[in-house]
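Student: Listed below are the residues making up each chain.
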Amino acid sequence: MSLDGNLFFFSNDFLFSTTIAFEYAYVVGRFLMFRAFCLFLCVTTHLFCSQESEELLVFLGKETSLFPTYIEEIELDASKFGEAYTKQLTTILSFDIGHNGMNRIVAEKEEKSVQTALGKPKFQENINIKALQATGLAHLIRLQMRGSNLYAKIIEITASTSRNVGPIECSGNLAQDRRKIHSLADRIHQALFGKPGIASSKILFVSKQRLPSVRNEPQYASEVYEADYDGQNCRQLTHTNSLCATPLWIPKRSLSLLKTNDHTCNHFLYVSYQLGQPKFYTLSLYGGSPKRVSTMRGNQLTPTISPDGSQLAFCSDITGTADLYLVQFETSVGAIGKPRQIFHVRGTATACPCFSPDGKKIAFVSNKDGCPRVYMMDIPKIGTKSTDLKPALISKKCRNNTAPCWSPDGKKIAYSARNSGDREIWVYDIEKGSEEQVSAGEGSKESPSWASDSLHLVFHAYTSAGCDIYMINLNQPEPVKISSGSGDKLFAVWEPLDI
Amino acid sequence: MGLVNPFQFFWGCSMKQVQTILLSLLILGCTGCSRSADDVWNDTKTASRHMSRGVDSIGGKRGTSRQIAHQGDFEERQRVARRPKDFIPLDDEEELLVGDAEAIPAPMESPGDEGSSIPGIEAFKDPALDPDMAAIFEHIHFPYNSSLIKGDDNMQILHHIVSYLARHPRMSIFIEGHCDKRGSAAYNFALGANRANTVRTALVREGASPDRLFTISYGKERLLFDEDGEEFHRLNRRGQFKIYEK
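So the protein lines, in turn, are chains A and B.
The first sequence begins at -14 in my numbering and counts up by one.
The second sequence begins at 64 in my numbering and counts up by one.
Since the hints were derived computationally from the structure, they do not count as laboratory data.
Being a predicted model, the structure only gives us computed values, none of them experimental.
Backbone N, C-alpha and C fix where the C-beta goes; we use that ideal spot for every residue, glycine too.
Wrong hints could be hidden among the right ones.
Taking CB as the label site, the calculated pair distances span [to be verified]: (1) Thr76/A <-> Gly214/B: 54 to 62 Å; (2) Ala69/A <-> Pro182/B: 51 to 59 Å; (3) Gln82/B <-> Ala377/A: 46 to 54 Å; (4) Glu95/A <-> Asp289/B: 15 to 23 Å; (5) Gly273/A <-> Asp149/B: 41 to 49 Å; (6) Cys219/A <-> Asp149/B: 55 to 63 Å; (7) Ala197/B <-> Thr76/A: 50 to 58 Å; (8) Ser179/B <-> Met362/A: 53 to 61 Å; (9) Glu185/B <-> Ser419/A: 31 to 39 Å; (10) Lys466/A <-> Ala197/B: 39 to 47 Å; (11) Lys417/A <-> His223/B: 39 to 47 Å; (12) Asp149/B <-> Asn226/A: 23 to 31 Å; (13) Asn226/A <-> Ala198/B: 27 to 35 Å.
A few chain B positions that, by computed beta-carbon distances, are all more than 10 Å from chain A [as the list claims (entries may be wrong)]: (14) Lys148; (15) Leu192; (16) Pro206; (17) Lys213; (18) Asp216; (19) Leu221; (20) Tyr227; (21) His231; (22) Pro232; (23) Asn257; (24) Asn260; (25) Thr264; (26) Arg268; (27) Glu269; (28) Arg285.
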C-alpha cells in the first residue's frame, strides 16, 4: 500500500517499481528517523537528568567572598588578667568573628604576611595601612586589656578608617566573660555592617542519654538544655526523667504585651512524654514548675509558635490520623479556646508546621503525595473544607523532605532533604521558587533552625560518632560542631532576637 | 516525497509503532537518568496523585466513598462522630457524619490527666516481662515509610490481642508507634502516630473497645537497634504494647 497516492497515476512497471523503491526508502527513512528521534529523546533525557544531578550535588562554597580579617592578640596594659586568660578571650572572639557569615579569619599563610606588614605597633599607635592593603586584608581588629576593661579598635583597611568599640568589663569568670565577648563581637558586627550579629543569642536543644537496658530493650531519657550559640555555657532546663522533644522559644514580643518584668518573659515550650502520650508544656528559663499548654486528647507533636507569639500550630492524632491544628496561645494561659484543624488528608501523616514571619502562612510536611515533601499554604479560615485547601508543593528536587523552617526575613524556607546518601539542608527561595543545597560535609542533617539574621542555621546531624548539633551560615557551608559531651544532641532552635 | 513532516510522522505510525514509541519513552523515563527505582516510583506516585485529584475535582468528585461493613458499623461511626469534640474540625460534612473509615478518633479519656480513670504510663507494664503475655503482645512490624499492616503474622498477633482483651475487659493498652532510624526525627513523630493508630484501628475492627486503646508516637526516639542493616530497620519499625489492668 502506498503512502503517497499521487504515484498511482503512473501505473506502468517502471513507475510501479519506482513507487516500491520510494516506499521502501520512505519506510527505511522513517525507521531511521524513528531511531534518530529515540536517540534524540535519549540524549535530551540524559542531558536533562545529568543537569539535574549536577544541580542536586552542588553545594555552596562562598568562603572566598568573605572579608579577610585579622585579630591581634590582646595587648596587656596593667591588665588584671594573665596572658593565658586573655588568649582564651581572643579565641572566643575569633570564633565569633570567623563564623559571622561576613568575615573570615586569615589563614596561616596570609597571617604571616599580615604580621610582617603590621609590625608590632602599640594599641594606641598608628599602623601602616598601605602595607596592610597590599596583603589583601579587609579588616583588622586590635585589642587591649587595660585593668579589667577590654578595648577594641576596628580598622577597615580598604577605607582606611578606624573605630573604637567597647570597652567591656571582664570579670575573670570565663563563663560570664564569654557572653561579654559575644556581645563585643555583635557590636563589632554592627560597626562593620550596620546591623548586630547573632553571637549573643542562645540555642535550646534536647540531650538524649541511653539508660541501662531492661530485658534487652534500650531505655532512653532526654531533657531540654540551653546554651550559647557556640554550644558553650550549657545548662539543663527540664528534669522530667522521661523523653522530651522539639523545644521552642516563646517569642519575647508577645510576652511584652503582658507588661511583666523581663524575667517572666523568658519561657520556652517543649514536648514531654512524662504522662505517656506526648503533651506540650511551658517552663521559665529561670525554673519553676512546668505548665501544661492544652488538655487536648491524643498525641501532641512538632509544635511551632508564630513570630508574634499569639498562635500555636502543631500535629495531633486526635482524629486517628496525624493532622495539623492551630490554637490561640498566651504564655500565661497556654492554649486559648479549642484548637482547630487546619490540614487533614485521610490516611496520611502531616507534621512539622512552621509559620511565615507575618503569621499568615504555614509550611509543613505531608506524605499525601507519596514520600514526605514540604508544602506551603495560607492558614485556612474557620469553616474551610479540607477539599478547599490548596497547599503548594515546594520541595520538588529531592524526596524525603522534612522539618521546614521559615527564615525571619520571610524570603527562605530551610528544610532537611535526602537526595542520595546523607540528608542535607536545603533552602527554598520563595521569590525565585528555586531550591538550593546549603550544607556540606559528613552526617545526616535534620531539623534546621534559622538565626535572627536569616543567614545562620543550626541543625542536628547523625554521624558515626552519634548525633550532635552543628552550625552553618549561607556563606560558610561547612558545618561547625557546637555541641559536646555524651549522648545525642537534637532539635536545636535558635533564640529569636529583634535585629 | 521530500522530507517527512515530523507531525505527519507520528500520525503515519501504526498502533504497534506508537506502542513501541511509548514503551521506549517509558523505559527511557525509568532508566534514562540517575534516579533509583524508588525515586522514580515516588515521583510517579506524586504526579499521579496530583493528577487524579485534579481530574476528580473537575467532576466534583472527592473520592471519599468508604466501605461500611454493616448497619452497626455505620451507627458506631455516627455515634463517635457526634461526640463532643475538643477541637474544631475542618468543615467536612461527610467526614462528620460517617467518620473516617481508616482512623478512629482518640478515646475520651487521656491517661494520667486529672480526673481520668486511666493512670499515666508509669502504671502500665511491659508485657515482655511476663513470658505468657510476651507471647500474646508481640510487636507488629511495618514496611518502610508506611503505616500499613501487612502479613499474616501481624494479623495473627492482632487476633490474639483482641481475644485476650475480650477475656480481660478491665485491661487498657498503650500502643506505641516506632520508626527506624532512616527517616527524620521530626517527621517520624507523625509516622509513628499513624502506625500506632493503624494498629488501634485494626484492633477496634477486630472487636476491641476503642476507649481502652491509647496511642503513643515515639518516632525514632526509642530504637531497639542502633545498628544499620535492613533487618535492624525492620525490627525498629514496630507497634509495641504496654498494658494496664484495673
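Student: Compare the structure with each hint and give your call.
Tutor: Okay, the hints, checked on the actual structure:
1. Thr76/A <-> Gly214/B: 54 to 62 Å: Given about 58 Å between the Cβ atoms, the range holds.
2. Ala69/A <-> Pro182/B: 51 to 59 Å: At roughly 56 Å between Cβ atoms, proline 182/B and alanine 69/A fall inside 51 to 59 Å, so the hint holds.
3. Gln82/B <-> Ala377/A: 46 to 54 Å: 36 Å, violated
4. Glu95/A <-> Asp289/B: 15 to 23 Å: For aspartate 289/B against glutamate 95/A, whose Cβ atoms are near 43 Å apart, the range 15 to 23 Å is violated.
5. Gly273/A <-> Asp149/B: 41 to 49 Å: Cβ of glycine 273/A to Cβ of aspartate 149/B: about 27 Å, so the range 41 to 49 Å is violated.
6. Cys219/A <-> Asp149/B: 55 to 63 Å: With Cβ atoms ~38 Å apart, the hint is violated.
7. Ala197/B <-> Thr76/A: 50 to 58 Å: Holds, at about 55 Å.
8. Ser179/B <-> Met362/A: 53 to 61 Å: 35 Å, violated
9. Glu185/B <-> Ser419/A: 31 to 39 Å: 50 Å, violated
10. Lys466/A <-> Ala197/B: 39 to 47 Å: Given about 41 Å between the Cβ atoms, the range holds.
11. Lys417/A <-> His223/B: 39 to 47 Å: With Cβ atoms ~56 Å apart, the hint is violated.
12. Asp149/B <-> Asn226/A: 23 to 31 Å: Check passed, 28 Å falls within 23 to 31 Å.
13. Asn226/A <-> Ala198/B: 27 to 35 Å: About 31 Å separates the Cβ atoms of asparagine 226/A and alanine 198/B, which means 27 to 35 Å holds.
14. Lys148: Non-interface label fails for lysine 148/B: nearest chain A Cβ at 8 Å, not farther than 10 Å.
15. Leu192: The assertion about leucine 192/B is violated, with a minimum of 6 Å to chain A.
16. Pro206: Proline 206/B is indeed farther than 10 Å from all Cβ atoms of chain A, at 13 Å.
17. Lys213: At roughly 15 Å from the nearest Cβ of chain A, lysine 213/B sits farther out than 10 Å, so the non-interface label holds.
18. Asp216: 20 Å, holds
19. Leu221: 16 Å, holds
20. Tyr227: Non-interface label stands for tyrosine 227/B: nearest chain A Cβ at 20 Å, farther than 10 Å.
21. His231: 20 Å, holds
22. Pro232: 21 Å, holds
23. Asn257: Not fine: 5 Å to the nearest Cβ puts asparagine 257/B too close to chain A.
24. Asn260: 5 Å, violated
25. Thr264: With a cut-off of 10 Å, threonine 264/B comes too close to chain A, as the shortest Cβ separation is near 6 Å.
26. Arg268: 12 Å, holds
27. Glu269: 16 Å, holds
28. Arg285: At roughly 6 Å from the nearest Cβ of chain A, arginine 285/B sits no farther out than 10 Å, so the non-interface label is violated.
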